[in-house]
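Chains as they are written, first to last, in my numbering: chain A, 9 to 456; chain B, -10 to 299; chain C, 94 to 281; chain D, 65 to 184.
Honestly, the hints are just simulated from the structure, not real lab data.
Among the hints, a few may not be true.
[Said to hold, decoys possible] Chain A regions said to be covered by chain D (calculated; three or more residues, Cβ under 8 angstroms):
no.: 1; segment: 65 to 73
no.: 2; segment: 120 to 129
no.: 3; segment: 174 to 183
no.: 4; segment: 310 to 322
no.: 5; segment: 358 to 371
no.: 6; segment: 379 to 390
[Unchecked claim] Part of the chain D face toward chain C, derived, beta carbon under 8 angstroms:
no.: 7; residue: Ala115
no.: 8; residue: Val116
no.: 9; residue: Trp119
no.: 10; residue: Arg121
no.: 11; residue: Phe142
no.: 12; residue: Tyr174
Nothing here was measured: the structure is a model prediction, and the numbers come from that model.
All residues carry an ideal CB built from backbone N, CA and C; glycine is no exception.
Listed here are the chains, written in short residue letters.
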Amino acid sequence: MARAGLQLGLKQALGRVAAGAPVPVFAVAGQGAREHVQDLRLDGRLRLVDSPGAAMVLLIAGGLPDGLAEPLAHLHDSLPHPRATLWWPLGAGPATWPQQFVPTIETRDGVSETLQAIQRELLRGQRPGEPPILPDEDPVPWKGVGPYGQGGTGMTGGTPYGRPMAELGADRDGLRLDVLPLRIGPFFPRFPPGLTLDLKLAGDVIVDVAPVESPFAGAPPVGVCRAGARIFVDALSQPVPVAGLELARAREHLRWLADALVAVELGSLGSRVLRLAAELRTSDGDSIRTLGRALRRTQAIGWATNGVGRIPAAAVEGLGAGPIARAAGLPEDERTHDPAYSGLGFEPIVQRDGDAAARWRQRLGEAAQSLELAARAGDRRTVPTGSVESPRGRLDGEGNATARFLHLLPGVLQGLEWGDAVTTLVSLDLDFEEAVFAETARAGAVAS
Amino acid sequence: MRDYASPGVAIVAVGAILVAGVYVLAVLDRLLGMIVAGTSIRLGALLAEPVQSGALLVLQERRTTERPDAAGWALAPALFGGLAAVALAMVPLDRDIVAADPATGFVVFSAAIAMVMIAIYLHGWSPNSAFALHGAYRYGAQALSFQIPFLLAMLATALPAESLSIVDIVDAQKSVWNVVREPAGLPLYLVVGVAVSFWGPLNLPDAADLAGGTVVEDSGLDRLLWKGARAAMLVAVAAMGAAVFLGGWWGPWLPGPAWVVLKTVALLVVLLASGHLLARVRIEQFVFVSWVLLIPLALLNVFVSGALLL
Amino acid sequence: MNGLITDGVFWLFAVGSVVTAFRVFRTDSMMRAAFFLLASFAGVGGILALLGAEFLGMVLILMMAGEMLVMAIVMVMFMMNPAGLNPMWMVHQHRVAVVAGAGSFLALASLPFVVDLPDRPAPRPEEATAELGTELLGGSMLVFQTAGVTLLSAMIGAVVIAHRNGRFGEAEQGSLEPALEPPGEEKG
Amino acid sequence: MILLGPLGVALAVFVAAIGAALFVRLSGDLPRRPVPTTPERTPFAGGETPAVHAWNRYHARYYVMALVFLAFDMEMVFMYPWAVVFVREGGIAFVEMGMFITVLLLGVLYAWRERAFNWA
Chain A
9 MARAGLQLGL KQALGRVAAG APVPVFAVAG QGAREHVQDL RLDGRLRLVD SPGAAMVLLI
69 AGGLPDGLAE PLAHLHDSLP HPRATLWWPL GAGPATWPQQ FVPTIETRDG VSETLQAIQR
129 ELLRGQRPGE PPILPDEDPV PWKGVGPYGQ GGTGMTGGTP YGRPMAELGA DRDGLRLDVL
189 PLRIGPFFPR FPPGLTLDLK LAGDVIVDVA PVESPFAGAP PVGVCRAGAR IFVDALSQPV
249 PVAGLELARA REHLRWLADA LVAVELGSLG SRVLRLAAEL RTSDGDSIRT LGRALRRTQA
309 IGWATNGVGR IPAAAVEGLG AGPIARAAGL PEDERTHDPA YSGLGFEPIV QRDGDAAARW
369 RQRLGEAAQS LELAARAGDR RTVPTGSVES PRGRLDGEGN ATARFLHLLP GVLQGLEWGD
429 AVTTLVSLDL DFEEAVFAET ARAGAVAS
Chain B
-10 MRDYASPGVA IVAVGAILVA GVYVLAVLDR LLGMIVAGTS IRLGALLAEP VQSGALLVLQ
50 ERRTTERPDA AGWALAPALF GGLAAVALAM VPLDRDIVAA DPATGFVVFS AAIAMVMIAI
110 YLHGWSPNSA FALHGAYRYG AQALSFQIPF LLAMLATALP AESLSIVDIV DAQKSVWNVV
170 REPAGLPLYL VVGVAVSFWG PLNLPDAADL AGGTVVEDSG LDRLLWKGAR AAMLVAVAAM
230 GAAVFLGGWW GPWLPGPAWV VLKTVALLVV LLASGHLLAR VRIEQFVFVS WVLLIPLALL
290 NVFVSGALLL
Chain C
94 MNGLITDGVF WLFAVGSVVT AFRVFRTDSM MRAAFFLLAS FAGVGGILAL LGAEFLGMVL
154 ILMMAGEMLV MAIVMVMFMM NPAGLNPMWM VHQHRVAVVA GAGSFLALAS LPFVVDLPDR
214 PAPRPEEATA ELGTELLGGS MLVFQTAGVT LLSAMIGAVV IAHRNGRFGE AEQGSLEPAL
274 EPPGEEKG
Chain D
65 MILLGPLGVA LAVFVAAIGA ALFVRLSGDL PRRPVPTTPE RTPFAGGETP AVHAWNRYHA
125 RYYVMALVFL AFDMEMVFMY PWAVVFVREG GIAFVEMGMF ITVLLLGVLY AWRERAFNWA
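Construct the complete structure from the given sequences, taking the supplied hints into account.
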């Protein structure tokens, strides 16, 4: 009895101390939420974590298309007790909310304050932790099967403890060892939201990969278009100011950089970049050049990316793959066809190597160039031609660079070590959201 | 017989230093991160944060996976922490203030570092999770590569002392510190020290591209113990670096223990700063560079320092 | 009291070594088998240290950590069911193994009774290491250089046997596959 | 403990640290909680569930390097006693070790040329 009392007292004391800790949040970015979620990195009151095991609150931001309810439920159940879920709609309608999650908490005022309040209540026992959503069922019935009831028979047969074992497969090394089938996504923190890959791994090397059709692509939008991509989608159907467009492009490139820096363990430098992106002005060209030097010194453009994920120019020719193509030396850019750019002295920047480092350099160079263009553009406006050069490449009613590039992904990733594969994927800056809204914009234009 | 404290005193002292070291490390790391990120620093929050986050992890429940190796999972962080404690126990604060100074203290420290790879492999293997498993194998490659440069870089410091006892090694640095005697010793030791506790550029087993690697399935106390043990190891590596390269307790004006603490913190800052200023290395590259560059360099270092002694 | 503690620690190491060594063959998981063996070696290292051979004891632990990790990696690589998810029997040729094991144990255990052991106190640990060094280095270069050449041949042998993609291309190219009936078929 | 000397103290510290860590971990499990459900125990893969056990015949791409390590690691056994008597023995120790190391470096050189340090 006394021991129980002591335990309770200790728990309460710890709870009071822990309530002030930065809230560990596993954030899921739906449509219209990418920047908002990213900006949470700058908030000292919370901490974005990479796996549900490290989190206390599951933050679901923006609109989520159908088909993601089950992965979300799995994520939710993977959070340790005590846990809570917070929905941050960001303009998405209540219809998109997966019904298993009721009752849920919606943000009231600031999302950080709400998260802190949830944590405080959870730790002080004022709010019960959420029970699991999914039923307690084994994927395969296995209990009681086999000599020890573990579900398997023989050396490698059956489904011991509910899963089969990996099977042998061929490999470039000539050894026949196991090939591990693994499906990763759609909320793997280093992948763009919605990307799921079907992988086959021999050791840490990818022997086969196939992208799974993303629930984000092809479906009608369920939220609002995120702020950074908005202007490029608008430019499809209406004239927009060149200065605003170019500033948005530079900002998108810097936001990409902030995420890419997290992937190479330079999160604190990433926060600096994020702040620069949020407050970017046309006069910030020098800051970007300084940043470029810093990236070379930190070897982010260096040993982390040199020679990784080389994509030859021939593979992406005519694809409108934007920075990916220009990093490989192709001067493809929709802006060269836009009369609004004719007097600005615009000339696409290109690199030669086509590797991840070249793509990093390319985006930095383009960010600086965009600021110069924005400074010179005055009040020029673009001429809508049905296609726009977005930060990821050609954007038109049919889709964006990501949609067109996706079928090349297996060829790019095969044979890479896992770390190199992630570096490559990050350097591609894939985005499924842009295309969804571009299609809607086209549909809207056709309807009107 | 060589110097040592009574077991009870040693356990309490090492435990206290370990906890204090981990706390200082957490604060320093966060401070450096804030400086690099350019955030405004609030001292109160900075000092409280490690304690608050630690308490939070204590209150979170542990997770488990579908079919883990439960015993291995429990043992790995404990083993890692135990090895860090042993490594730290070898570091003398002054000529006669040391938890334990075996005649082969040097080998004991090296053995502790070698056993770390078992702890990390075990930790990555146990949850039966793909990312953790990849982390474990990466550390295998990393550990087998840094092991020899590490031993060699440290070995050169034993030459002038003619002994494998850490106290003797520090004692032999009265006139000249080993950092001067062995030009390549300290840089090599620091590179490898970062690799041992997989910090920053050499955080390959618990990397961001593996969503946390070996620690991906851990929550609550598991995570706290793992992170704590890892930080403790870095403290031990820094403290040992201060002892064998920077002359340990030798220094003017201040008492010996103060010098040891100062030098340890200085090395810690260097080790931690690398985490915020250098991008992660690719594993294949690290293996290659270790064997083709670091090992010959370490051997050369042994020879140059040997030749200087003759 | 001191003697009692020393005895206790000795028995801890001794019994621990035997038990973990036994567990090596009674576990299903390759990783556990490798690390049980490591624990067994660590116990032996502890006993060596108790006997005054501090250096040898510690070096044993240092070496075995690396060695057992490599063993675990290779065993997991090539054994079916490496994690022991399905139960399995680690011992082959059971009866021969029992006889061989019991025989070698008896042979080794009889050594203390048949050998005339020296009756002088062991040197202090630091002197032991120095003596070992003098033994290795002094007098003849043969010890050291033989060891060097042996290790070199081990390294080259390991690379030759295990490596496939050398600087002259794949190992199978132009080589003969061992066939059931000669002559073999050329591969590659 | 006195007889065990400094190594005994190191052992005591080791055992105490492991014991403390295990104790903390165990006490965190009190009071007993309900057994987690199967979905709660899913290994992390970004929201998807794994199809097979992660434990597999893992192709460690550095196995040749691991074998070279085994040989090179043995060299350290000889280096330690050498370091202790180096100053005492003087030039002869220097020359002996020089030859020893050169021979071993030949092995590394060979392994490098055979690309044994690259991913298989």
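Do the hints match the structure? See the list:
no., hint, verdict
1, 65 to 73, "violated (count 0)"
2, 120 to 129, "violated (count 0)"
3, 174 to 183, "holds (count 5)"
4, 310 to 322, "violated (count 0)"
5, 358 to 371, "violated (count 0)"
6, 379 to 390, "violated (count 0)"
7, Ala115, "violated (15 angstroms)"
8, Val116, "violated (10 angstroms)"
9, Trp119, "holds (4 angstroms)"
10, Arg121, "holds (6 angstroms)"
11, Phe142, "holds (6 angstroms)"
12, Tyr174, "holds (6 angstroms)"
The structure shown violates the earlier hints numbered 1, 2, 4, 5, 6, 7, 8.
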